[in-house]
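*Asks:* Read top to bottom, the protein sequences are chains V and W.
Going left to right, the first sequence walks through residues 1 to 705 as the working numbering numbers them.
Going left to right, the second sequence walks through residues 1001 to 1177 as the working numbering numbers them.
Just so you know, the hints here were simulated from the structure itself, not pulled from any lab data.
Heads up, some of the hints might be wrong.
[As the list claims (entries may be wrong)] Where chain W lies over chain V, by a calculated footprint (3+ residues, C-beta under 8 Å): (1) 224-230; (2) 554-563.
[Stated by the list, open to error] Partial selection, computed: residues in chain W whose CB lies under 7 Å from chain V: (3) A1068; (4) G1095; (5) T1118; (6) A1126.
[Claimed, not checked] Label-pair distances were calculated between CB atoms; the ranges are: (7) V:S283 <-> W:V1175: 49 to 57 Å; (8) V:H321 <-> W:S1168: 44 to 52 Å; (9) W:T1125 <-> V:A322: 35 to 43 Å; (10) W:P1177 <-> V:N95: 32 to 40 Å; (11) V:S246 <-> W:S1155: 32 to 40 Å; (12) W:S1165 <-> V:S210: 22 to 30 Å; (13) W:S1168 <-> V:A75: 30 to 38 Å; (14) W:S1168 <-> V:A322: 38 to 46 Å; (15) V:A75 <-> W:S1165: 52 to 60 Å; (16) V:N95 <-> W:T1125: 27 to 35 Å.
Cβ atoms here follow ideal geometry from the backbone N, Cα and C, with glycine treated the same way.
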Amino acid sequence: MMRALTRLVTVAALVATALLVPTTGSAPDSTARAADMNLFDAGNIISDAVFFDALSMDALAIERFLDAKGTNCVAGTMPCLKDYTQDTADQAADNLCAGYRGALRESAGTIIAKSSLACGINPRVLLVLLQKEQSLVTRTKPGTYEYQKATGFGCPDTAPCNPAFQGLVSQVYFAARQFQRYRVEASRYGYKAGRTNTIQYHPNIGCGTSQVYIANQATAGLYNYTPYRPTQAALFSGPAGVPRTSPDFGCATYGNRNFWTYFTDWFGSTQSPGAAAILEAHSALGGPTGRLGGPTSGYICGLAGGGCFQNFQFGAIYWSHASGAHAVGGAIGAAWAGRGWETGSLGYPTGGEVCGLVRGGCLQSFQKATLYYSPATGAVPVAAPITAGYHAQGWERGVVGYPVADRVCGLPDSGCFQVFQGGIIYASKSAGAHAVRGAIFNTWGALGWERGWLGYPTGGDNCGTSSTGCSQNFQNGSIHWSPSTGAVPVRGTIGAAWKSGSGPMKLIGYPTGGEVCGLPGRGCFQPFAKGAVYYSPATGAQPVRGAILGTWGALGWERSWLGYPTGGDNCGTSSTGCSQNFQHGTIHYSPGTGAHSIRGAIAATWTASGGGAGSLGYPTGEERCGLVRGGCFQTFAKGSVYWSPATGARAVSGAIRDAWGARGWEVGALGYPVEEQRAVPGGVAQRFQGGTLTVQTATGTVTVS
Amino acid sequence: MLHRRHTAALAIGLAALSGLAACGSTESPADDADTTSAAPSVEAAVDDAPGVYGAPIDPTRPDPTDVATDPRVTPAPADDATVFLTYSGWNPAVGAVEVDGHLTVVGTGDATCTLTLTRAGTSVTATVPATPDVNTTWCGGASVPGSQLSPGPWSAVLSYRSGTSTASSEPVEVVVP
């Protein structure tokens, strides 16, 4: 109903506009005609589509038309056409017409409508014929003669005339039938479409002839019915015709001129590109026996953009100059209609329905969208800006499948989204259109969708091509998924370092939790499956993992004396041991010793000894302080390093270390070592605060001097 | 619902249009012109035609009076009847000479039309039934296949014959390629 009201308002507005056009002419008179005779085409008086538009008016519409045209008619010896009724008899069907079912007191409108439908002729053609022949539509005081010759045609030429089938119904029905005969039996008649014919101007052959290429069957039929074409003088003489005083008077004929002018004035142009295109499209689809079936309406024009449509049993054909003529029907047609037909969000169809898509799907293109149908989803349109993303996903064959709901727009940055079977496509002006789905979608949604810090997706995911994990980029970060970690976002420096990193950064696996900031020194961290990435402005984003991470954590993470990591570990490149530097120290690891930090003077001494591969080996514990006189020590695989403010850091190892330990370590008489161990003849020696320890290698003899 | 209820829209549209139009007489438009200020506007609308076929129409627009019509055809004396050729020529699509025409008077039933092609003393004919119509009698569909004709110009005459009368066309030349 809304559709009808909209149409009415539009049409009424157009007409009202026309009616308000000022005119500077004098009062209208009998010379005022609408038809521009320059448009009269002798070879194409009326198009086939218009001529055979049998459903252009129903009986009620015809009666209203006759009421309007005959408003001033008063009855003569016969009633006015608007008031005419008669009992009608049955007329058998034949190869030209479908027959006539008689009834009591049928109006002229009903007779015309039934005859038009039976014989496939436009009722407007029959109205014009009644006017052209005897002026029955507009005349007043009609008589018997006008009705007897109402269309200039009576009983059929070859079949016996049914005496019961007489009166106006006989004139109208058999005239319609005759025009159908001109089409069906065209070879029997002299004027044929598609060739140049010789046509007289007047019954008087002396008035001359002309060569006319007849473009269509409708025009050929008019010439068969009235075999004269109007002269130029008759065409442009005005309604009253060529004056008797004119030398052209004797050769003027008006029948086909009047047909054209009455039709044009009453019903619009005799040409309709839309109707012709619809007729051709219907024919291409098999005509009445094709998938659309027969027409159930005439051509309805005046739609948006000058469009037309026609309804059929199983669909409709819509046409516009811009889109051409295309059938719509079924679920796709219903979906289109439900969205406002051609004035809605889809516009006119620009192609026919294409079926054979995956899972029993079909599609049809419209000016502003494409409707996709599948049994599971129904028919749903896909339009810009979603279309690009749908394309990138492989249309309905891709992972997102068919659309399940219309797009929703109004999001930030001119954004829209649309739900598909396998995901949701988001589009924005800045980021383009991309699908988001599955666990990544859920995580993105939990963060606020496009309004969250991630913003819009800037590409699709790669989950279909990866067996271990996948990811998707967004405007301000990315989300990464693996079966064991789920979908987790990364961003900023940590995200960039992780995604572009190599070595240990590559080895920490997928993120397991979101980024956490607010650490000392404006630091942040993010946990990953095999470690974490820590960031501070001073150190950048560095991975920490495995035993080193455990040790660092045990020491207090970034809040420990070690501070933030300043680089990754080198464990992937060493088979014996490895290390990772932090702001204030290093953690060293070997399989046999685990991971332990080392720093300061002890670290320097250890390094001087050759590090992990040197005489001390890797640390086996953390630095321990609190010894006497402010000392500290740290154990290593092959010794220890002791430090005190007075003595510095000295390594103690082997037999010396054992002997020193036996004498009470640093709290014994020897105190802290003050030099490194050195070789002496037959053994080794090391000087301590309280003396020098010497050990004979061969005998194990220990002396203190 | 795909099918529109267009008839309702048009019917309401007509009602609206009739309310806007001021003059509707088909018999005395001059009177309308003298009495209402709206009448010129209606004429302006009329002058905008031809409109789009299939769009809602305004049946209240005035029609002209004094429309010239064709005089009733006075049947020519049977002796003066001739056959007027509407077409003659070679139809390459079917490979035949085709000649169509009509009798200049309304003929009677059971008549025939004969096409006679003559060249160098050779004549070939084809006969078809005449077809009576509203204003004339047609001699349509007479053709001679090219297989019966040698290439070159032929003289064609179309003749009408009934039980009571005969008539013929003037000869015309057709060329068989």
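*Asks:* Determine for every hint whether it applies to the structure shown.
*Replies:* Evaluation of the provided hints:
no.	hint	in the structure
1	224-230	holds (count 5)
2	554-563	violated (count 0)
3	A1068	2 Å, holds
4	G1095	15 Å, violated
5	T1118	21 Å, violated
6	A1126	13 Å, violated
7	V:S283 <-> W:V1175: 49 to 57 Å	35 Å, violated
8	V:H321 <-> W:S1168: 44 to 52 Å	51 Å, holds
9	W:T1125 <-> V:A322: 35 to 43 Å	55 Å, violated
10	W:P1177 <-> V:N95: 32 to 40 Å	36 Å, holds
11	V:S246 <-> W:S1155: 32 to 40 Å	39 Å, holds
12	W:S1165 <-> V:S210: 22 to 30 Å	28 Å, holds
13	W:S1168 <-> V:A75: 30 to 38 Å	49 Å, violated
14	W:S1168 <-> V:A322: 38 to 46 Å	55 Å, violated
15	V:A75 <-> W:S1165: 52 to 60 Å	43 Å, violated
16	V:N95 <-> W:T1125: 27 to 35 Å	29 Å, holds
Of the numbered hints given earlier, the model fails hints 2, 4, 5, 6, 7, 9, 13, 14 and 15; all others are met.
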